[in-house]
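*Asks:* From first to last, the protein sequence lines stand for chains A and B. Using the working numbering, read the first sequence as starting at 1 and increasing by one per residue. Using the working numbering, read the second sequence as starting at 1 and increasing by one per residue.
A hint or two may mislead.
What the hints assert, rightly or not - Far from chain B, some chain A residues (derived; all Cβ distances over 12 Å):
#1 Y22
#2 K33
#3 R478
#4 A624
As the list claims (entries may be wrong) - Below, simulated EDC-like cross-link-like pairs (lysine to aspartate or glutamate); rule was C-alpha separation at most 20 Å, straight line:
#5 K55/B <-> E501/A
#6 K59/B <-> D503/A
#7 K31/B <-> D503/A
#8 K527/A <-> E568/A
#9 K507/A <-> D49/B
Hint data in this document are derived by calculation from the structure and do not stem from the laboratory. Remember, it's a predicted structure, so these values are computed and weren't measured experimentally. Positions of the beta carbon are idealized from the N, C-alpha and C atoms, including for glycine.
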Amino acid sequence: MLSNLGNFLLFLNILLSFTVIYFSLASLKSAEKIIFRKIYNISLAQSTIVLVCFFTLIAAYITSDFSLINVYQNSHSTKPTFYKISGTWGNHEGSLLLWVIILTIFSFLFLIINKNHSKNYRLYTLIVQNILILGFLFFILINSNPFLSISPVPKEGLGLNPILQDPALAIHPPLLYLGFVGSSIYFSAAIASLLTNYSERAFAKSIKNWILVSWIFQTLGITVGSIWAYYELGWGGFWFWDPVENASLLPWFAMTALFHSVVVLEKRNLLYFWVIILCLITFTLSVTGTFLVRSGILNSVHTFASDPSRGLYILAFLSIMIFSSIFLLFKKYYNKDYIINSNSKETFVLINNWFMMFYLLTVLIGTLYPIFTDAITNNKISVGPPFYNAVIIPVVIVFLIFMAVGPNTKWIKNRFVDIKKYILIFISALIINFLIGYFFKSLTILTNLIIISSLFLIISSTFDLIKSITEDRIDFARIVSHLSFGFLIFFIGLNHNFSIEKDFNMKVGETKNFDNYKIEFKKLELKNFKNYKSIVGDLKISDNKFGEERTLNPEIRIYDSPKTLTYEAAIKTNLIKDYYLTMSNIDRSEYYNIKFQKKPLMLWIWISVFALTFGGFLRIFKNAKNN
Amino acid sequence: MKLKILIIIFIFKLSILKSAENIVEPNHIHKNLRCLVCQGQSISDSNSDFAQTVKLVVKDLIEQGKSEEEIYSFMAEKYGDWIVYKPQLNKENFLLWFLPYFILSFGGFIIFRLLKKKTQKT
Chain A
1 MLSNLGNFLL FLNILLSFTV IYFSLASLKS AEKIIFRKIY NISLAQSTIV LVCFFTLIAA
61 YITSDFSLIN VYQNSHSTKP TFYKISGTWG NHEGSLLLWV IILTIFSFLF LIINKNHSKN
121 YRLYTLIVQN ILILGFLFFI LINSNPFLSI SPVPKEGLGL NPILQDPALA IHPPLLYLGF
181 VGSSIYFSAA IASLLTNYSE RAFAKSIKNW ILVSWIFQTL GITVGSIWAY YELGWGGFWF
241 WDPVENASLL PWFAMTALFH SVVVLEKRNL LYFWVIILCL ITFTLSVTGT FLVRSGILNS
301 VHTFASDPSR GLYILAFLSI MIFSSIFLLF KKYYNKDYII NSNSKETFVL INNWFMMFYL
361 LTVLIGTLYP IFTDAITNNK ISVGPPFYNA VIIPVVIVFL IFMAVGPNTK WIKNRFVDIK
421 KYILIFISAL IINFLIGYFF KSLTILTNLI IISSLFLIIS STFDLIKSIT EDRIDFARIV
481 SHLSFGFLIF FIGLNHNFSI EKDFNMKVGE TKNFDNYKIE FKKLELKNFK NYKSIVGDLK
541 ISDNKFGEER TLNPEIRIYD SPKTLTYEAA IKTNLIKDYY LTMSNIDRSE YYNIKFQKKP
601 LMLWIWISVF ALTFGGFLRI FKNAKNN
Chain B
1 MKLKILIIIF IFKLSILKSA ENIVEPNHIH KNLRCLVCQG QSISDSNSDF AQTVKLVVKD
61 LIEQGKSEEE IYSFMAEKYG DWIVYKPQLN KENFLLWFLP YFILSFGGFI IFRLLKKKTQ
121 KT
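Input sequences plus hints: build the corresponding full structure.
*Replies:* The following block contains the structure:
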C-alpha cells in the first residue's frame, strides 16, 4: 500500500515540476511585471508533496513494512525506533529522496525570499532548479526507487549496519546534504544570471546568504561526520583523507572561496565571471562527490552504498551539467576593464581564492589519481594522509599568515606594504620547506611552523577584536571565524604533536607500565542488550605523575542482524585531554589487544569548528539587518 | 615587521630541530601502511592476522636498521604500491606530486598578472 502511495507521489512530483517549468515559461512571455500567482502555489504544493513522499517512506520504516525492498534491505523490526527513522536516509535510495526534498524546498524559498529581484532572473532560476529536480526524480524512478515492492513479503528485514546506528551518524547525512544540495540554488541562479544578463551586483546580493547557509551546513556535516569517525571507528583519529571525506571537502573549499569573492562582486562589481564559475563548480563538485561515492569507483570505508550502474546515470547527468554550463559561459563571457590595487582588500580575497583553489585541486588530484594509474598502468596506488600532509601543510602555514594580514587592508585603496614582497617571501618559504623535507625528513619542523603561523593568526585576530570593540566598527563575523580557524589549526597541531599511543596484548588480571602510566586489566563482563550482546572490559589507567585514575570500559559488540562484530572505544573526555581506549579480541587466544591513546585538547578542536560556523551565522544576521 | 621576526624564528627553529631526526617509530610506520584485507584501515588500526604479520615484519626491518623510506619500498615491492599510503616519488607518480605545486605557482602568476595589468594602465 505504502509502495503504491510512494510511487504515486513521485509521479505527482514529476508532473508538478513540469507544470512549474511550463508556467514559468508562460510567465516569461507575458507582459505582466510580476510572476504568475499560481507559480507560487504550485511551488508550495511541490514542496509539500515531496515532504509527504518522504514521510511515507519514514512511515514504512517505522512500521517495518518489509513489502518495500528498501525497508527489507536496510531495516529490522527489533531496531530502536530512532534508528528505524534515521535508516531512511542511511541508504542510497532514501538519501536521494532527501536530496530531492532539499532541491525542492530551496527552490521554493529562493522564489519567495528574493521578491525584490527581477522577474526574469527569478523565473529562470526556478526553471533551472526544476530541471535539476527532474533529473534527480527520474534517477530515483529509473534505478533508485525506494518504493519498489517485493513479493512474497519477507518476515524480517536484513538490518542496518551497526556502525551506522549512532546519533552523530544519524544527523550527519541531512546536515551534509543541506550543504551539498544547498549549493544547487546558486548554481541555478548563476545560470539564470547569465541567461538574463542580470545586474552583477544584484546577483551577488541575492546569493550571498545562500552560500553562507550551505557553507554552515557543509561545515557542520563534515564536523559531525568527523566526530562520529573519532568515537565510532576506533582508530582515534578524526580525519583520514578518505576519498569520501575528500568528496565532502571539495565543495567546502569552493564555497569558502565563493563567499569571500562574492563580497568583492557586491562591493566593487568585480570578478563577476569568477563568481559565476565558482557557483557552477560548487554544485558540480557536490554531484561529482555523490558520483564517486555511489559508483563505488573509489575504495573507501563508505562503500556500503555503492552500485556501478548508478554511477553511469550520474555521470551522464554530470556531463550534461558541465558541458551546458561551459557552453553558456563562453557564449556570455566578455572582457571587462578593472582596477585592482595590489594591497587592497580585493587582492587579499583573490589570494584567499588562490589558496582555496590550490587545496581543492590538490585534494581532487589526490582523490582521482589512483583511478588514472589503475586505468593506464594497471597499478593500484594509495594516496593517503602522508601525501596530503606533505603537500598541503607547508602551504597552510603561509595561508594562515595571509589570513591574518588580509582583513586589515582597505577596499580599493593601496594602503599596505607591497604585496610582491609577500609573494617573494611565500616562494622562499616554499623553497625552504622543500629543502627541509629533502634534508631532514622530519615532521617536527612542520608541526612547529604550523603552530607558529596559527599563533600569528590568533594573535593578529585578537588585536583586530580589541580594535573593533574600541573603535566600534564591529565586524565580529569575520574576526570570530578567522580567530577560530587559527585555533582550529593550533589545536590540531598540538594534538598531533603531543598524542601518545601504545598498544599491548593483555589478558584479564595483567598490569602494564609505560612512561608514567599504568594500565590494569581488571575484568571482563558479558552483557545482553536488545539487539546485541556485549563483552565489556574494565580497565584502570593511572597517571603516576599527576596521581590521576580513570576507569575505562571498551566494548566488543556482537550484533544479531546483520551478524557483525563492532569495537566500541571507551573515551574519557575533559578540557585538557581525551583518554581513548579500544579493545579487540585476538583469535585463538585469551589475550586481548588493548590500544591506549592520550589525545590532548580534542574537545577544543570541535569547539573551534563550531565557533567557525558561528562566525557564518553572525554574518547572515548582519546581512539580514543591513537589508 | 612581524614577518621579519617570523622569518628569524623560522631560521632559529631550523637550527634547533636539526638534531631531532631519524628515530624510526614503528607505530608511525604502521599508520602509513594499508591493511590489505580490511576496508579503509591502516595496519595500526587493524587486528587482522595480516596486520599482525606486517607488524612483525616491520619490527624485524627496524631491528635490521632499515630507514623509514627503505621499509616503505620493501613493503611496496613485496605487496604492491597499494599498501603504502604515501605514493612513492617515481616516474609514474611524478604528476601527482608535481601538479599541486604547478597549480599553486600558476595561480600566483595569474594574480601577479592581474595586478600588473593595472599598473601599466595608470
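*Asks:* Does the alpha-carbon distance linking K55/B and E501/A stay inside the 20 Å limit?
*Replies:* 15 Å, holds
*Asks:* Regarding the pair K59/B and D503/A, is the alpha-carbon distance no greater than 20 Å?
*Replies:* 14 Å, holds
*Asks:* So R478/A supposedly isn't at the interface. Is its beta-carbon more than 12 Å from every beta-carbon in chain B?
*Replies:* Per Cβ check, R478/A is outside 12 Å of chain B; nearest 19 Å; holds.
*Asks:* Is it correct that the beta-carbon of A624/A has no partner in chain B closer than or equal to 12 Å?
*Replies:* 33 Å, holds
*Asks:* With the threshold set at 20 Å, check whether the alpha-carbon distance from K507/A to D49/B stays at or below it.
*Replies:* This hinted pair holds, its Cα atoms lying about 18 Å apart.
*Asks:* Quickly compare the C-alpha distance for K527/A and E568/A to 20 Å and report which way the hint goes.
*Replies:* 14 Å, holds
*Asks:* Is it the case that K33/A keeps its Cβ farther than 12 Å from each residue Cβ in chain B?
*Replies:* 40 Å, holds
*Asks:* Can the restraint linking K31/B and D503/A be considered satisfied, given a maximum Cα separation of 20 Å?
*Replies:* 13 Å, holds
*Asks:* Run the C-beta distances from Y22/A to all of chain B and say if the shortest one exceeds 12 Å.
*Replies:* 43 Å, holds
Checked against the numbered hints above, the structure breaks none of them.
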